[in-house]
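Novice: Chain by chain, the residues run as shown.
There are 2 protein chains.
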Amino acid sequence: MNRFEIESASARIDAGLGSFIRQTPLWKLPGGVLGVNGAEVWLKLEHLQVGGSFKARGMLNRLLAHPMPASGVIVASGGNAGIATAAAARALGVACEVFVPEVSPEAKRARLRDLGARVVVTGASYAEAFAACLARQRETGALLTHAYDQPEVVAGAGTLAREIEAQGRAVPDTVLVSVGGGGLIGGIAAWFEQRARVVALEPEGAPTLYRAREAGHPVDVTVGGIAADSLGARRIGDIAWGLTQQHVKDALLLSDDAIGAAQHWLWKEMKLAVEPAAALGLAALQTGAYRARADEKVVLILCGANMDPSRLA
Amino acid sequence: MNRFEIESASARIDAGLGSFIRQTPLWKLPGGVLGVNGAEVWLKLEHLQVGGSFKARGMLNRLLAHPMPASGVIVASGGNAGIATAAAARALGVACEVFVPEVSPEAKRARLRDLGARVVVTGASYAEAFAACLARQRETGALLTHAYDQPEVVAGAGTLAREIEAQGRAVPDTVLVSVGGGGLIGGIAAWFEQRARVVALEPEGAPTLYRAREAGHPVDVTVGGIAADSLGARRIGDIAWGLTQQHVKDALLLSDDAIGAAQHWLWKEMKLAVEPAAALGLAALQTGAYRARADEKVVLILCGANMDPSRLA
Numbered sequence: 008m009n010r011f012e013i014e015s016a017s018a019r020i021d022a023g024l025g026s027f028i029r030q031t032p033l034w035k036l037p038g039g040v041l042g043v044n045g046a047e048v049w050l051k052l053e054h055l056q057v058g059g060s061f062k063a064r065g066m067l068n069r070l071l072a073h074p075m076p077a078s079g080v081i082v083a084s085g086g087n088a089g090i091a092t093a094a095a096a097r098a099l100g101v102a103c104e105v106f107v108p109e110v111s112p113e114a115k116r117a118r119l120r121d122l123g124a125r126v127v128v129t130g131a132s133y134a135e136a137f138a139a140c141l142a143r144q145r146e147t148g149a150l151l152t153h154a155y156d157q158p159e160v161v162a163g164a165g166t167l168a169r170e171i172e173a174q175g176r177a178v179p180d181t182v183l184v185s186v187g188g189g190g191l192i193g194g195i196a197a198w199f200e201q202r203a204r205v206v207a208l209e210p211e212g213a214p215t216l217y218r219a220r221e222a223g224h225p226v227d228v229t230v231g232g233i234a235a236d237s238l239g240a241r242r243i244g245d246i247a248w249g250l251t252q253q254h255v256k257d258a259l260l261l262s263d264d265a266i267g268a269a270q271h272w273l274w275k276e277m278k279l280a281v282e283p284a285a286a287l288g289l290a291a292l293q294t295g296a297y298r299a300r301a302d303e304k305v306v307l308i309l310c311g312a313n314m315d316p317s318r319l320a
Numbered sequence: 008m009n010r011f012e013i014e015s016a017s018a019r020i021d022a023g024l025g026s027f028i029r030q031t032p033l034w035k036l037p038g039g040v041l042g043v044n045g046a047e048v049w050l051k052l053e054h055l056q057v058g059g060s061f062k063a064r065g066m067l068n069r070l071l072a073h074p075m076p077a078s079g080v081i082v083a084s085g086g087n088a089g090i091a092t093a094a095a096a097r098a099l100g101v102a103c104e105v106f107v108p109e110v111s112p113e114a115k116r117a118r119l120r121d122l123g124a125r126v127v128v129t130g131a132s133y134a135e136a137f138a139a140c141l142a143r144q145r146e147t148g149a150l151l152t153h154a155y156d157q158p159e160v161v162a163g164a165g166t167l168a169r170e171i172e173a174q175g176r177a178v179p180d181t182v183l184v185s186v187g188g189g190g191l192i193g194g195i196a197a198w199f200e201q202r203a204r205v206v207a208l209e210p211e212g213a214p215t216l217y218r219a220r221e222a223g224h225p226v227d228v229t230v231g232g233i234a235a236d237s238l239g240a241r242r243i244g245d246i247a248w249g250l251t252q253q254h255v256k257d258a259l260l261l262s263d264d265a266i267g268a269a270q271h272w273l274w275k276e277m278k279l280a281v282e283p284a285a286a287l288g289l290a291a292l293q294t295g296a297y298r299a300r301a302d303e304k305v306v307l308i309l310c311g312a313n314m315d316p317s318r319l320a
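Chain order of the listed sequences is A and B.
So the numbering used here is basically just the index in the first sequence, starting at one, shifted up by 7.
So the numbering used here is basically just the index in the second sequence, starting at one, shifted up by 7.
To be clear, the hints were calculated from the coordinates, so they are not data collected in a lab.
Incorrect hints may appear among the rest.
Copies of one chain are not kept apart here, so a pair can be met inside one copy or by any two copies together.
Here are the computed lysine-lysine pairs in the DSSO-like style, where the Cα-Cα straight-line distance is at most 27 Å [said to hold, decoys possible]:
(1) K35 with K275
(2) K256 with K35
(3) K35 with K304
(4) K115 with K275
(5) K304 with K256
(6) K115 with K304
(7) K275 with K304
(8) K115 with K35
(9) K256 with K115
(10) K256 with K275
Isolated chain A (complex conformation) (with noise of 0.2 Å):
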């Protein structure tokens, strides 16, 4: 995975489908008005991409690169990158199936069908549900997604980090990056490369990267916590993590209390409505985790906001 693959990536949408993904703000502020000293930051409100999350590029990049099944797309998962696959296969007219297990709130499932996707109930969990959507898809032949361990995801979750350095017109000096299975973090090192430095955010209850790093190659790790809706993945993926090992040298854990406070600090103060896993950025500069320099130019990706807004009352 590299800049040309995420070049060649942007391309396919572009011509595939562009008017499907948005060019989301990039907004340039002083830190002060986020509470931190010094530093500029450059908000990237991709919460507000279609779908509520940055996933819509790697699913839409995934579809587009191969040929269609009649049978469509499938995929399991009850959360963002369910949403992404089941809005990029109503987008270009193709049958999606989701899988999510039992234990799924309903409100998802309602969103998935509104989407046009038909949601498969079954399993008691997420692993259950992916080993059910396997047998299905061996079964139809459908184009499978997987929420960050494919290339094609990857590389189309690097396009943020090429419209960012677009839309700054400079390289940013830090990306402060949010990390589940690293589809997101896979992407933005492959484009920055060690032009940015890119560092990675964990929550303590979801410490996939972390817990690779200590072990010196991915291991499964229980998840929890308040960001385990979208970071609960139970390890890091493949490309992600040979992508970090070439190109991260930080990576950094945030306590719930400070994921929280970050989270309601953006809708209180900026009426920036996101998820958790949007939060951790923030969450590093305000708590002092990662200290900026008075001239440091550092990205914070507000990566998604599909969550209950009256948690944010």
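Given chain A, work out where chain B should sit, using these hints.
Specialist: Same frame as chain A, but now just chain B:
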């Protein structure tokens, strides 16, 4: 009121406390993304302004334009004007008294206290609170801010139009503006004059400009409905009346159903959490109350986000 006064306001704000006012994002989108045929829509994300509405521009301009009395500033408003005045006063380090009627919700009073204001709860109605505020002002000599009918307040709002033109690198064809007391549309019309078509939008339940145009002069109206919280002025301001008579040809009314539907659409499809008053522009486009040409550049001003987010769930 004219473009020169708006240029002066802009320069005064930059020189006086430029870091307080945020240059909010202007987001250009194909109309299709917003469920509208044709047209290029420019979304001005002014609900991300400090204090959660455009009002901060006018209030700061008013505070900077006058010598500051030792008694500080005073205002009668439990809504966006009160928040903006209190926030600007705090940023300047001056005292602030806010008069609100007994019917105002405790959440709003708490917000004002959080901003360092002294909150005075008095009177059964806004009119009574306003009368008490004026009596107190005569006693203390504090600088009075009015929610919409002061030249500095209107000129401050006009800096929003100036910013749109600069960010858009062009004059748009059309600007759709929500109207309460008219501070915003006065400033927008004064900036664009007849270079763009400025369209006034009001809820059926709060038709201050619409009724004034029927009567040929400003008249009191009874107000209510979904957006009364921020658009519920009883009478169009004199400054806005003069400016709209000069520059604004179209004044449209929208139903609460259309406004509420557009507000929920902005959350569900765009993840933009805004107050009802900010949704009138999209409501006008989505209902066809305003029909844009295929090649028309239409600005929607998302003017505020001060609401209970659980209303979006």
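Novice: Each hint: holds or not?
Specialist: The hints, checked one at a time:
no.: 1; hint: K35 with K275; verdict: both (19 Å within a copy, 26 Å between copies)
no.: 2; hint: K256 with K35; verdict: within (25 Å within a copy, 36 Å between copies)
no.: 3; hint: K35 with K304; verdict: both (9 Å within a copy, 25 Å between copies)
no.: 4; hint: K115 with K275; verdict: both (26 Å within a copy, 13 Å between copies)
no.: 5; hint: K304 with K256; verdict: within (18 Å within a copy, 45 Å between copies)
no.: 6; hint: K115 with K304; verdict: neither (37 Å within a copy, 36 Å between copies)
no.: 7; hint: K275 with K304; verdict: within (24 Å within a copy, 32 Å between copies)
no.: 8; hint: K115 with K35; verdict: neither (33 Å within a copy, 30 Å between copies)
no.: 9; hint: K256 with K115; verdict: neither (36 Å within a copy, 45 Å between copies)
no.: 10; hint: K256 with K275; verdict: neither (33 Å within a copy, 37 Å between copies)
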